[in-house]
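Student: In the order they appear, the protein sequences are chains A and B. Following this note's numbering, the numbering of the first sequence begins with 1 at its first residue and continues without gaps. Following this note's numbering, the numbering of the second sequence begins with 1 at its first residue and continues without gaps.
By construction, these hints were calculated from the structure, which means they are not laboratory data. It is possible that some hints are incorrect.
What the hints assert, rightly or not - Partial pick of chain B residues on the chain A-facing surface, computed with a CB cut under 10 Å: (1) P4; (2) V33; (3) P86; (4) A90; (5) T92; (6) V96; (7) I137; (8) A171; (9) E175; (10) P209; (11) R213; (12) L214; (13) F215.
Given the structure is predicted, the values throughout are model-derived calculations rather than measurements. Note that the Cβ used here is the ideal one computed from N, Cα and C, for glycine as well.
Below are the chains, spelled out letter by letter.
Protein chains: 2
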Amino acid sequence: MAVPLDRIRIVLCAPSHPGNVGATARAMQAMGVSRLVLVNPQRFPDAEADALASGAVAVLHAAEVVTTLDAALAGAVLAIGFSARPREFAATVLPVRAAAAEALRYAQAGDVALVFGHEMSGLSNAELARCQIVATIPTDPAFASLNLAAAVQVAAYELRVAAHGGAVWQAPAFEPATQDEIAQLFAHAERALIALAFLRRAHPKRLLPRLRRLFARARLEKEEVNILRGILARIEERLGQGERSGK
Amino acid sequence: MAVPLDRIRIVLCAPSHPGNVGATARAMQAMGVSRLVLVNPQRFPDAEADALASGAVAVLHAAEVVTTLDAALAGAVLAIGFSARPREFAATVLPVRAAAAEALRYAQAGDVALVFGHEMSGLSNAELARCQIVATIPTDPAFASLNLAAAVQVAAYELRVAAHGGAVWQAPAFEPATQDEIAQLFAHAERALIALAFLRRAHPKRLLPRLRRLFARARLEKEEVNILRGILARIEERLGQGERSGK
């Protein structure tokens, strides 16, 4: 199941800043996308690229350098070009999320290239014409300017979620309270609140339902029920002591 | 409807690299998230931050600087802390997409803070304890290292998609062909292919269905039908000339 992302290549056309190449490599490696192709990079390899890769040197040092977009696309069954601005000759235009899904669908059949243009000017019309799909990242129309590596980051993130379903680390394991433990907790709470004279048995009003709602949202753990019952027991104990010492 | 994103604030705890602060401002501005709060930044303001904001100086120069996380969270009804690694005391853990949806739900009621930790060490346990939700970005477990601004980029992107439904620019307007124009095109194609002796009337086999399938996927435009019929007419014309000149 790890195969689909292995079939994705990220193609940067004429990147001018080595820092962007390094940051792109890092963005890719964090998402498990490892094949980077550079078409006529202005400077490569470069110390600044290494610095911004920040450990993602495996992707960076394995990058292929080619001199034409044709060479970068060789063997790919689908090319998806990224463009922030509307383009006259665009064929199919998809938001990046839908484009990532389409990329993975084609990755069943072969290699897929995601193509990014120059930092300032983006993909040329000739470059875009080589792509079957134009992908675009939703942005604020008033400032639709993503950094190159940031655009690759969003695209690689969507590829990862499409491939792996957005699995993330889980909250630590815990033991949930049983329903009868929770029922006993509320019975105990009612006794203690009556003893406190905060709750009147004849006029319970909405207090207990509100507390039930609060703890339902929290979904109590066994240990938390024990802590809360400990507090209730201490209240009852001190009230008993208070009454005794008051007499 | 623009209100929800206005109620989101991005909080950076003790960022050490001014470049990350600038890149964060750019990531936010591209997604229409404008409120940045810096808790004890190592250097701010800073020329490197301005350089990496790359035009997003509105967000950067409006950033608030405070000395405690409490001050950064003042007035917020929900705080969502980001952590790449599993944390022992995490309450609710959500992938960034679900966390963005929850952020917007709470933004109906008040301000929501998205909290990011130090570049190297992330959020401390004390900082994370101030957050009701821990959000995490799906990554390759083998290299779960996102740049700070890249993490903010993904989070702000998910906020924008959650708020605005991922609307992007559309393919240019075009006039689709009508079904009868398409039927006439295929009738014309059949005549021309028979004239070319590529198609035999007695054994049509699967040729026409395959061509229909190809053009169905492409969803023909009126102008494309005209171009294709022009080519077909030219074929018929040249075949007629060829036959005449051959005699």
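Student: Can R213/B be said to touch chain A, with a Cβ gap under 10 Å?
Tutor: Cβ of R213/B sits 17 Å from chain A, so the hint is violated.
Student: Holds or violated: the hint that L214/B contacts chain A, with Cβ atoms closer than 10 Å.
Tutor: It is violated, given that the least Cβ distance between L214/B and chain A is near 13 Å, above 10 Å.
Student: Once the shortest beta carbon distance from F215/B to chain A is found, is it less than 10 Å?
Tutor: violated (14 Å)
Student: Can the hint on I137/B be confirmed by a CB-to-CB distance to chain A that is less than 10 Å?
Tutor: This hint holds: I137/B lies near chain A, its Cβ roughly 7 Å from the closest one there, short of 10 Å.
Student: Let me know if the C-beta of P4/B comes in closer than 10 Å to any C-beta of chain A, holds or violated.
Tutor: Cβ of P4/B sits 13 Å from chain A, so the hint is violated.
Student: V33/B was flagged as interface toward chain A. Is the shortest Cβ-Cβ separation under 10 Å?
Tutor: holds (8 Å)
Student: Measuring from the C-beta of T92/B to each C-beta in chain A, is the shortest one below 10 Å?
Tutor: holds (7 Å)
Student: Does the closest beta carbon of chain A sit nearer than 10 Å to the beta carbon of A90/B?
Tutor: Since chain A brings a Cβ to about 5 Å from A90/B, closer than 10 Å, the hint holds.
Student: With 10 Å as the cut and Cβ atoms as the points, is P86/B at the interface with chain A?
Tutor: holds (4 Å)
Student: Against chain A, run the beta carbon of P209/B and see if the smallest gap drops under 10 Å.
Tutor: violated (22 Å)
Student: Double-check A171/B for me: the hint is only fine if its C-beta lies closer than 10 Å to a C-beta in chain A.
Tutor: At 4 Å from the nearest chain A Cβ, A171/B passes the 10 Å test, so the hint holds.
Student: Given a cut of 10 Å on the nearest C-beta pair, is the interface hint for V96/B held or broken against chain A?
Tutor: Cβ of V96/B sits 8 Å from chain A, so the hint holds.
Of the hints listed earlier, those the structure fails to meet are numbers 1, 9, 10, 11, 12 and 13, in rising order.
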